[in-house]
Structures are given as structure tokens and as C-alpha cells.
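Asker: Fit chain B to the known structure of chain A by using the hints.
Protein chains: 2
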Amino acid sequence: MSAPLAGLRFSVAGAGRVGSSLARWAMAAGAELVRIASRHPGRAAWPDGPPLVDLDDLATGGQNLLLIAVGDPAVREVAARLAGRPQARVVLHTSGSLDASALAPLREAGSKTGSLHPLKAFPQPLPDPAEARGIFFAVDGDAEAQELACRLAAAWGAVAAEVPADARPLYHFAATLAAGGVTTLLAAAAEIAGSLSLPEAVIRGYLELARGALAGAARALDERRPLGTAITGPAARGDQATLERHFEALRVLAPEKLALAESLVRETRRQAQVAEIAEMKKN
Amino acid sequence: MSAPLAGLRFSVAGAGRVGSSLARWAMAAGAELVRIASRHPGRAAWPDGPPLVDLDDLATGGQNLLLIAVGDPAVREVAARLAGRPQARVVLHTSGSLDASALAPLREAGSKTGSLHPLKAFPQPLPDPAEARGIFFAVDGDAEAQELACRLAAAWGAVAAEVPADARPLYHFAATLAAGGVTTLLAAAAEIAGSLSLPEAVIRGYLELARGALAGAARALDERRPLGTAITGPAARGDQATLERHFEALRVLAPEKLALAESLVRETRRQAQVAEIAEMKKN
Numbered sequence: 003m004s005a006p007l008a009g010l011r012f013s014v015a016g017a018g019r020v021g022s023s024l025a026r027w028a029m030a031a032g033a034e035l036v037r038i039a040s041r042h043p044g045r046a047a048w049p050d051g052p053p054l055v056d057l058d059d060l061a062t063g064g065q066n067l068l069l070i071a072v073g074d075p076a077v078r079e080v081a082a083r084l085a086g087r088p089q090a091r092v093v094l095h096t097s098g099s100l101d102a103s104a105l106a107p108l109r110e111a112g113s114k115t116g117s118l119h120p121l122k123a124f125p126q127p128l129p130d131p132a133e134a135r136g137i138f139f140a141v142d143g144d145a146e147a148q149e150l151a152c153r154l155a156a157a158w159g160a161v162a163a164e165v166p167a168d169a170r171p172l173y174h175f176a177a178t179l180a181a182g183g184v185t186t187l188l189a190a191a192a193e194i195a196g197s198l199s200l201p202e203a204v205i206r207g208y209l210e211l212a213r214g215a216l217a218g219a220a221r222a223l224d225e226r227r228p229l230g231t232a233i234t235g236p237a238a239r240g241d242q243a244t245l246e247r248h249f250e251a252l253r254v255l256a257p258e259k260l261a262l263a264e265s266l267v268r269e270t271r272r273q274a275q276v277a278e279i280a281e282m283k284k285n
Numbered sequence: 003m004s005a006p007l008a009g010l011r012f013s014v015a016g017a018g019r020v021g022s023s024l025a026r027w028a029m030a031a032g033a034e035l036v037r038i039a040s041r042h043p044g045r046a047a048w049p050d051g052p053p054l055v056d057l058d059d060l061a062t063g064g065q066n067l068l069l070i071a072v073g074d075p076a077v078r079e080v081a082a083r084l085a086g087r088p089q090a091r092v093v094l095h096t097s098g099s100l101d102a103s104a105l106a107p108l109r110e111a112g113s114k115t116g117s118l119h120p121l122k123a124f125p126q127p128l129p130d131p132a133e134a135r136g137i138f139f140a141v142d143g144d145a146e147a148q149e150l151a152c153r154l155a156a157a158w159g160a161v162a163a164e165v166p167a168d169a170r171p172l173y174h175f176a177a178t179l180a181a182g183g184v185t186t187l188l189a190a191a192a193e194i195a196g197s198l199s200l201p202e203a204v205i206r207g208y209l210e211l212a213r214g215a216l217a218g219a220a221r222a223l224d225e226r227r228p229l230g231t232a233i234t235g236p237a238a239r240g241d242q243a244t245l246e247r248h249f250e251a252l253r254v255l256a257p258e259k260l261a262l263a264e265s266l267v268r269e270t271r272r273q274a275q276v277a278e279i280a281e282m283k284k285n
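Order-wise, the sequence lines are chains A and B.
Heads up, the first sequence is in this note's numbering, so the first residue is 3 and it goes up one at a time.
Heads up, the second sequence is in this note's numbering, so the first residue is 3 and it goes up one at a time.
Keep in mind the hints are simulated off the structure, nothing from the lab.
In this text, all values refer to a predicted model and were calculated from it rather than measured experimentally.
Every residue gets a Cβ at the ideal spot worked out from N, C-alpha and C, and that includes glycine.
Don't take each hint at face value.
What the hints assert, rightly or not - Straight-line Cα separation of at most 25 Å, DMTMM-like style, residue types lysine to aspartate or glutamate; simulated pairs: (1) Lys284/B - Glu202/A; (2) Lys122/B - Glu225/A; (3) Lys122/A - Asp224/B; (4) Lys283/A - Glu202/B; (5) Lys122/B - Asp168/A; (6) Lys283/A - Glu258/B.
As the list claims (entries may be wrong) - Far from chain A by the CB rule (all over 10 Å, computed), these chain B residues: (7) Arg11; (8) Gly18; (9) Arg41; (10) His42; (11) Gly44; (12) Gly63; (13) Gly86; (14) Asp144; (15) Pro171; (16) Phe175; (17) Ala191; (18) Glu193; (19) Arg268.
What the hints assert, rightly or not - Just the calculated beta-carbon pair ranges, DEER-fashion: (20) Gly240/B - Arg11/A: 33 to 39 Å; (21) Val254/B - Arg271/A: 21 to 27 Å; (22) Arg226/A - Val254/B: 25 to 31 Å.
In isolation and in its complexed conformation, chain A is listed as follows (with noise of 0.2 Å):
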């Protein structure tokens, strides 16, 4: 059996987290890097990497994937200066909360066009491909280039699906509920401990709380309940005395994090009742 990937030849432009682990990724799976690209040459792309070529230099005419791996902030304009040299045949972008529509420079230059964007956080360089084995990764844009972007995520053990155009920006939304938001709830927890001048305990024990509120919402899924089932605290029981001492409180001491808790129990509830008609539907 060969290599699930033998045979594809591929560039990569951007050698950040993300590029520099689908590039190893890829590899491993025994297609051919022919060059990596970045805007800041002149290093390795990784220990004992291809050097990084100029960003301004990449032609990848001939070969069969192209894939851009730059922040969300700069894949238009990454796409409309690689615009100007013969590119490969299909030309991905790894972008969650742009659809293919972000290359439009390379597709009107020939190539086919879309997206694969890995849900999973890459705090360093993740090169062991069984880090790719289950993750999602969604995909839009030309038939061939979804094609291309599928048979990589198989190659990976990885799951893929389309997320079109217009659902994007909700799809994305909800990966920064799960990431950036639970962080800044941590930090506001962990300033409310501070102001208050409590041990630093007491926010290791704010950690320990949310690594637990995790570990149910897992067995929420593992049990084919709806998320809300799993939800504690006085807003999902309704216990109103209990949420009014912390909006009095919160109005003289902490002003600036009153919406952010009304918003917080008003989504909770919704949560908790949704939850609660499904089970009744399931009952």
C-alpha cells in the first residue's frame, strides 16, 4: 500500500504554527514539499526545515496544491500578490472565518480555489501528525478544491465537512465562544479574586472549576445529552436570591462586568430550557 498522499507536490506560504504542522502533516503522509514560503525569510521553516524562500519568489505552477497559512488579516492580500506568478493547480487558504471567495485573485488566474481550516489551537507547532487523527477541518470553494482538501483531511484520520460561505462567520464565531471567550471569563474570575485580594488559590481553584465544567459538558456529549444539561450554578436552577446578590454587588464594586453577567444568565437560561424540551422530546 502506498503512501495515502504519494505523488502530490506542494508549497506552502506562511511557515507559522499552522503551516509549518499541515506542511510536516502532508509529508508524513508522503506527498512532496517543493517549497515554503514566508514574508520573513531567510530561516529554516523548522529544525532541519527547507529554508524559507521569499514570499515574492513563490511560483508553484505545475505542482498540485498551494496552501496559504497566513493570519486571517492578510490572506487577500497574500492571494492577490501570488496572483502575479503562475500558481498551482488548487490553492487552499487555512482561514476558519474566510470562505474561498478570499483567493479570487488566483482563481481568476487559473486556479480552483477554497478552504481547509483546522479546528483545533495551535499554541506551538504541532508537527506529529497524530495530532491531525479526529479534528475537523471545513472546507469550501471549487468542487476540485474541495475534493483536494477532503482527500488530504482522510489522509489525516481528520473529519471534514463543507462550511459554505454564508455559514462561516457563525462557525468561527463559535470557536472564539470556546477559546478566547472561556479564557476571558477566567481572567475576569481571576481579577474579581484579585480586587478582592484573595489567595492565589482561589483562582487555581477558578481553573479547576472550569476544568470540571468541561469534563461534564464531555459527558454531556458522550451521553447524547443536549449541553445544557449540564450547565450549574444559580442561573440554570433558577435560584434568584442567589443571582441578585451578585448583580447588587457587580453594580457597586464591578460595574463594568454587569452586562456581561446579565447576558451570561439570560443565554444560560435559554440553554437550560432548550435542553430541558429536547429531553422531554426524547422522553
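Answerer: This is chain B only, laid out in the frame that chain A set:
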């Protein structure tokens, strides 16, 4: 060396997850459990545990400690019911949002009163006393009550500090951000994925992002950085174009989540700024 709580005779009112756990932690440290009472007696407090007595029969006069471990809304009522009979020298409740004054009837009847709130989730009973190690206990009340509360925490290898009456609502509110708040964000993300008909791998992906967010927060704590430095996403990096795409999509497809999204963005920016200022002061 004798056990740290040897000679301590105590009873517990409330045989739920918290009460049954704390009872066994105290017993493991050498204390003698005299009675454990419930509003719903007639079964064992735990497998192979003592039988539950009726709350209305509980008299703990002559004992060192009565622990009241019932839900927040029930603490005052249980205190009033118990105050009709002689009770222990010290009475502690385990609520985080209430202060010692919730036990006023017992104080008038002669007990020293206080609170002992474990900052920990109890999704099920946690009988192993190792579960107590390193966790935070919020304490308040009469000096003698606080002293005993701190003695219990020390016996369990836990950290205790006074969280006085005026600080308790925010101390508890911050805990609800970290626990229920985190689950609510995930439930909202899962609801969005469902409304976009995305596969379950997306919801698992959001859960993984949240786990990664907590790992990033833990790293920040370990490195003594403010948690605001660990926030990822468009709000933290000031990517206004992406945020505008989110808000626009929310207005059309999920207007009920717009206020939550906006208040999260505001708090994220505040936390990122607070972190930036703190880091500048360090350097």
C-alpha cells in the same frame, strides 16, 4: 503522631455530594461522626455508611461541630429548624454565596457560627480525602468558628482564608463564571453548530479548543503572567473586520446571542489591556 482531627466529635446536616464528602474527609483525619441527618432520611448516607436520621431529630449539644451542607436556598430554613434544639459548640455551613449571618438563629441559641465553602465542583460524591488537597476553602464568622474551619482545612492539606460577608457575592459570582459560564459558552457554540447542520466533530472540536484555552490559562498562571495574555482570537488581537463579520451574521441568524457576543468582546479587550499594562510594568 495522632490524627489531626482526633477528639473532634461532629454531625452533618445534609447528606448530598458535599456533605457526604466532607464527612468522610473529616473521618479520615480522625474526627468522629456522631450523626448525619437529612430532610429525606431512611437510607444510608453512603454505601456502608451510617443510616440517615431525620433533620427534625438532630440535636448535637455537647459536640464540637455541626456542619450544614444543604443547597444555598435552604441554609436559612435549616438553621431556623435546628435552632429549636441544643446544637454543637460551632456550626459551619458550606455555602459560597452566603456568609455566617445565614446561621443567625443558631448563633442566638448559643453556637459560634461561620462558613466553610470548598471551592470545588462535586459532580458526584468525592469520598477520597486526597480530593481536598490544595483546594481553597472560604471561611468567615465568629473567631472560634473560623479557627475550627481553618483547622479542618489544614487537616485536609487545603488552603483556607477569610472571605468576609461583603466579598462573598463577587467571590461566588466569579466561581459561576468559571463553572456554569464556561459550560454556557460551550452550549451556545454547540447550538450554533447544530443550527448550521455541522457534524458532531465540530462540537468535539469546540470542546478541544476550550480545553486548549484552559491549558493556556494554566501556563500563564505558572509563568506569573496575567490571564489576559492567554486570550486568543479576533477580539484579543483587535481584528475588527472579523468581529464585524461575526456581529453581522449574529444580527441575522442568532440575534439572541448578540448582547453576549458584544459584552464578551468588551471584557476581552479590557482583560487584554489590563494584561498589557501589567506586563509593561514588569519590564
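Asker: For this structure, which hints from the list above don't hold up?
Answerer: Result: hints 5, 15, 16, 17, 18, 19 break, sorted rising.
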